[in-house]
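Asks: Chain by chain, the residues run as shown.
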Amino acid sequence: MIAEVGPLGMVTLRGEAGAVGPAVQSATGLVMPEVRRIVADGARTLAWMAPDEWLLVLPRAELPATLAGLRVSLAGQHALVVDVSDARAVFEVHGDGAATVLSRLCPVDFPRLAPDEIRRTRLAQVACALWRSAPGTFTVVAFRSVARYAFDVLANAAR
Amino acid sequence: MSTRLASGGRLIDRSVLVEFTFNGRRLTGHPGDTLASALLANDQMLVGRSFKYHRPRGIVASGPEEPNALVNLGTGARLEPNQRATTTELFDGLTATSQNHWPSLEYDIGALNNVVARFLPAGFYYKTFIHPRPFWKHVFEPVIRQSAGLGRAPKDRDADRYEQTYAFCDVLVIGGGIAGLEAAHAAARTGARVIVLEQQPHWGGRAPVDGLEVGGQPAAAWVEARLTALAAMDGVTLIPRCTGFGVYDHGYVLADERVADHTPGDGRVKHRLWRIRAARIVTATGAIERPLSFPFNDVPGVMLASAVRDHLVNQAVSPGDRTVVVTNNDDAYRTAIALVEAGLSVPAIVDARTAPTGALIDRARALGLRIEVGRAIAKVAGSKRVMGVALCHQAGEGSVIDEIDCDAVAMSGGWSPVVHLWSHCGGKLLWDDALAAFRPDAARPPVTHDGGPMVIAAGAANGAGEADLLSDAHAAGRSAAEAAGHKARKSAVSAVSNPLDAGIGAIGVMPQGAAPKLRAKMWLDYQNDVKVSDVQLAAREGYESVEHTKRYTTLGMATDQGKLSNINGLGVLSQALAEPVPQVGTTTFRPPYTPVTLGALAGEARDAIFQPLRRTPIHGWHEAQGAYFEPVGAWRRPYCFPRGGENHDEAVHREILNVRRNVGLLDASTLGKILVQGPDAGRFLDMLYTGVMSTLPVGKCRYGLMCNEAGFLMDDGVVARIDEQTFLCHTTTGGADRIHAWMEDWLQCEWWDWKVYTANLTEQFAQIAVVGPRARMLLEALGGMDVSREALPFMHWADGTLGGFGVRVYRISFSGELSYEIAVPAGQGLAFWTACLEAGQALGVMPYGTEALHVLRAEKGFIMIGDETDGTVIPQDLGLGWAISKKKPDYLGKRGQERSFLAAPDRWRLVGLEALDGSVIPDGAYAVAEGTNPNGQRNVQGRVTSTYFSPTLGRGVAMGLVRHGPERLGEVLEFPKVGGGSVMARIVDPVAYDKDGVQQDV
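In order, the protein sequences belong to chains A and B.
Residue 65 in numbering that gives the first Met the number 0 is what sits at position 66 of the first sequence, and the numbering runs on without skipping anything.
Residue 17 in numbering that gives the first Met the number 0 is what sits at position 18 of the second sequence, and the numbering runs on without skipping anything.
Only chain A is shown next, with the shape it has when bound in the complex:
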């Protein structure tokens, strides 16, 4: 089963881990993930994206307060907090064949993908990030402008 999910709140955080970590923890309660890992508490996910970049995914309703909290915590520090909720499209791929479907599009070794691992990779011809959001369920994030393409290739691969 493939479904677009949302609207979600998404925040890109850039900065030193030492600065971003406490700010995120006070705003969301989430601790910073290790390299190429996610930390999730059910509704919210914090994903490592790059050595100085993280993506926070949370319910849309929590977005304004969380953004404000993060900005307050990081005031005066060199860090970037930016709302990217509208820049992305998020899909869930669910079912026994989920990894098989995705392995037709993404050069990812799914049997070796750790339960809390995130991969920034390709979905056929476009960029994506993906992780296991639940057993048998993958969350796939792509750019908004190619949402139709992303859905179409996922649906095609699941035929």
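No wet-lab data here; the hints were simulated from the structure.
By construction, the Cβ of each residue, glycine as well, lies at the ideal position given by its N, Cα and C atoms.
Honestly, I wouldn't trust all of these hints.
[Said to hold, decoys possible] Calculated Cβ distances over 10 Å to all of chain B for the following chain A residues: (1) Val4; (2) Gly17; (3) Gly28; (4) Val30; (5) Val38; (6) Gly41; (7) Gly94; (8) Pro114; (9) Asp115; (10) Arg131; (11) Pro134; (12) Gly135; (13) Thr136; (14) Arg143; (15) Ala146.
[As the list claims (entries may be wrong)] Taking beta-carbon pairs under 10 Å as the criterion, some of the chain A residues facing chain B (in silico): (16) Gly14; (17) Asp51; (18) Asp85; (19) Val145; (20) Ala149; (21) Val152.
[Unchecked claim] Footprint (simulated), chain B over chain A, 3 or more residues, beta carbon under 8 Å: (22) 67 to 81; (23) 106 to 113; (24) 116 to 129.
Given the coordinates of chain A, assemble chain B onto it according to the supplied hints.
Replies: Below, chain B alone, put in the same frame as chain A:
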């Protein structure tokens, strides 16, 4: 005649009859047949015509090396040309037609080439058709094209689906014969993840056909046991019908799985392309038998000895009642013995060696077979099928000493290890005299990231004999797994219990001293019609390099890529050059090993998902309005919005006039929006842009230019200062990703200690330009914030609300009109767009497209990246000196622009151009100058970069780059038109409309 025997055939199911057609003839076979075996079972010896001489050709081989039996398979939307009959599984309803003949297979007019063959030597086309020059294009080539070619290209859309899939493993074993299975088992026993590919539908390779026994049991039983064991192991994937065709760096392998070739239309994908990343690769690809080069070795019915054996044992098909076996090695005796045991007759075994000895030879003698040692074939009688052979002395010149009636010839020139995959990534080869073949040189393998061997050859592919076959494969599998980080476990090594100690004679032509006339009938490359005489001619004409000889003669350049012909051709060349084979070398092996259909390579990328199209949040609305789209990068942007019966020009004119008179809406969401933040953001942007950004006050906007290090203009856009440490940089639509990467490149690699973060927010916002004298009225109708001249002056921005939407409004103009660009979160883009249309209804609002945008900016003399720039233009050429800081010590491109060529006073510079007759000057037209250049072409002094009909002005407007242009206002230039005539145009100011900027600053 070739026929199906009454019993036998280990792969066929005689209880089921399968119908198929060949050239319209209805024939039958059984499941387990290949198309080739089924054709032979129906006595269809003649299956095609050769490429050059159109000689009759029959099935030679039993695998992917087949050069002759290429057919058009299927019809209509499932037509596939050049399919090898030997690898095509027979299925009910299969339709095949033969290729490269006209009007029919039996009577081919092209066969006239055969009659004049001695006038068509190697290099004939090069030599003959080079003069007179124009004749090639207009006379020779069309005629040659008409008569050349193999299969027909399909005309219909492919009815089938293809997919690709990624896979990862520690050890990839390519080849599922006994060596491959042993290697896979040895690797899997260590706990390694193993994938095994086998190109055929069944496992075990040719061991069962050759009657090998492993550990005392028949090979087939051992194979079954191994398969069962492997299937039960964790992390082992067995993929039949899958050809590993290419090995690439870092253990990357492409493999083509023929999922549903044999079950067309069953709903499954036709092929699956596997993209496999393996820590180590084991090539257990076996060996391919070589033909022998004797006169008329291309007559249908002359087959490889192994192919005769394969068809006999696997499908119970005999190529004839009387088969002469001709060989230079022991292995072919297996064919003779198998034929006799099947109740067929072998009138003679012709062995080129003078004193062959060995168990198989003894066995043949014991069966009472006539063995002619030191003999060769002087001639094969027959044209469309074998009628007999004439014998001669191998050491002689070909005088006939005996004639034997027969209807088939089984030949064997020895075996060549399949080294292709080993060689794809640079694995080197050794010439092995005992084997008379190249085999992998284990000391010089293709290496991977850790410097270790990436590919390990195993079994026959490694040149191992049958006695060592399985121990070699076992060691390969184990060392591959160990190299992949697994600890080897002791396990028993199987061995072939009845190995053949294969003796082989020298390679070369047969008979050794054959006269030129005979050598001209010894085929090396069946598909491309290259004969021994052609290679010898090439050597005489000075083609010493094997690579040159290959191209000159086309040896090995057909679809089979010389699988049968390469080594024999090398042998002939080495003799002609009097150099040993290793000195002559071999040609380069490149992927793919066998042809791969384009559908598999394209995978899912067709129709709607051929490529990703980027869509703005308002894209659906544009589509619903019937917008005409144009590609801008991967985006599709509305070019115009035709109404009623308007054509595109009319729509564009209406949209432009409406912007100038009322108000227009443009979907500008595609423009790049990059957030740049940090204490060093100002300093960073001062380096990126030619102008100064650090002094830009918060709340204001500034136009900026970006150059590359060489000084050439590469992007432009408006920068808005959001707060003390934050800027939003607008880029061109096509530049967004490139400029973001450019910024990160400088930040990560050069100025890594600067405190700046960037974020590409292009897709976070929908951006709508509200443009025209009534733009402010429209925003006021939406209401919510003060957009007056005083509150929001030109080149300022402000946050606020409009019509209940949270917006950021930039007062910038790319049209010369009063203009606001309004950003809203992308999710609200469509709603805001619709609100603007409603609010502007009474004001005459209309959407406009990119063409109107282009004309509006051209009327105002604004440059467009990609029109006025082409990678060779600097800002100074475009009169943009005002946007270049003279005070800054440095910016990217500054040094480049100081180079003499770019600082020269006579560079072509931007001007306006106005045709004297008011017409639109052709786009890209050049202004001619006096005289001609050394090529006899007119000298030029300028060119048109943008040219449009301006509905505002009722005439053409244009810009161009002209030598000394700005100093030549008023001069008239001549622009010749394609097809004759010229446009005369006056050099004018680039700004054709509202020079003083009154319209936009209101």
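Asks: Please write out, lowest number first, the hints stated earlier that are contradicted by the structure.
Replies: 14 and 15
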